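Colleague: Here is how the chains run, residue by residue.
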Amino acid sequence: DTAVSQTPKYLVTQMGNDKSIKCEQNLGHDTMYWYKQDSKKFLKIMFSYNNKELIINETVPNRFSPKSPDKAHLNLHINSLELGDSAVYFCASSQPGSNTEAFFGQGTRLTVV
Amino acid sequence: QQQVKQSPQSLIVQKGGIPIINCAYENTAFDYFPWYQQFPGKGPALLIAIRPDVSEKKEGRFTISFNKSAKQFSLHIMDSQPGDSATYFCAASRGATNKLIFGTGTLLAVQP
Chain F
1 DTAVSQTPKY
11 LVTQMGNDKS
21 IKCEQNLGHD
31 TMYWYKQDSK
41 KFLKIMFSYN
51 NKELIINETV
61 PNRFSPKSPD
71 KAHLNLHINS
81 LELGDSAVYF
91 CASSQPGSNT
101 EAFFGQGTRL
111 TVV
Chain Y
1 QQQVKQSPQS
11 LIVQKGGIPI
21 INCAYENTAF
31 DYFPWYQQFP
41 GKGPALLIAI
51 RPDVSEKKEG
61 RFTISFNKSA
71 KQFSLHIMDS
81 QPGDSATYFC
91 AASRGATNKL
101 IFGTGTLLAV
111 QP
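Quick note, the sequences are listed as chains F and Y, same order.
1 is the number of the first residue of the first sequence in our numbering; add one for each residue after it.
1 is the number of the first residue of the second sequence in our numbering; add one for each residue after it.
Pulled out of the complex, with its shape left as it was, chain F reads as follows (with noise of 0.2 Å):
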């Protein structure tokens, strides 16, 4: 029973295409979020959810967009897809509050051609 789980494992697209990543957690986590990996490893978060509204924005292009339809989904939609788009995503979730556990999901490869 998958706590935090992303949808697809694997996405393989070409340059200029848009895609959507989604993410569920059955936890019942009011906050959600999405990190990025790069191929050097290095996380970094972009956004961050909390009762499907949005409390961190860093500073990500525009063509990524967010969308929470409800506390246990957060779903990430890119357009106009980049070489440089190409990472592993990470949908994470936690309780609200200081210093609680984020939970991660297993990721979402993305390679752009």
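You can trust all of the hints, since none of them are fake.
Distance windows between CB atoms, simulated: (1) F/THR13 with Y/ASP79: 42 to 48 Å; (2) Y/ASP53 with F/TYR10: 40 to 46 Å; (3) Y/PRO40 with F/GLU101: 18 to 24 Å; (4) F/SER5 with Y/GLN81: 27 to 33 Å; (5) Y/GLY83 with F/LYS22: 27 to 33 Å; (6) F/GLY84 with Y/ASP31: 29 to 35 Å; (7) F/GLU82 with Y/LEU46: 31 to 37 Å; (8) Y/ASP31 with F/ASN17: 40 to 46 Å; (9) F/THR7 with Y/GLN2: 28 to 34 Å; (10) F/THR7 with Y/THR28: 39 to 45 Å.
Note that these hints are calculated values from the structure, not bench results.
Predicted model, so just to flag it, every value in this text is computed and none were measured.
Cβ coordinates follow ideal geometry from the N, Cα and C atoms, glycine included.
Assemble the complex: chain F is given as a structure, and chain Y must be docked to it using the hints.
Modeller: Using the frame of chain F, we list chain Y on its own:
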């Protein structure tokens, strides 16, 4: 100010050895310092975490040492095993946003 510096980049130890991974931060507003373990093809998973009012925390074979005045913290893995081979990330966050600032990662290989 938002960075967390991590070293070494990679580490090889023999089974039973004690690998030590070090991290340093600048922002004194950070109030939560977790360590995450990541296996290939998997997402990071919380290993152990510490708050700045504590100088050491042990959970099983894993120990965090925290030096608030030096703004440094480290992970020690006692009696390391081949199954501990993974990438380890230190991180820091502050306040209610739980925005994790990650170090650059350490690839640990424990040889049998």
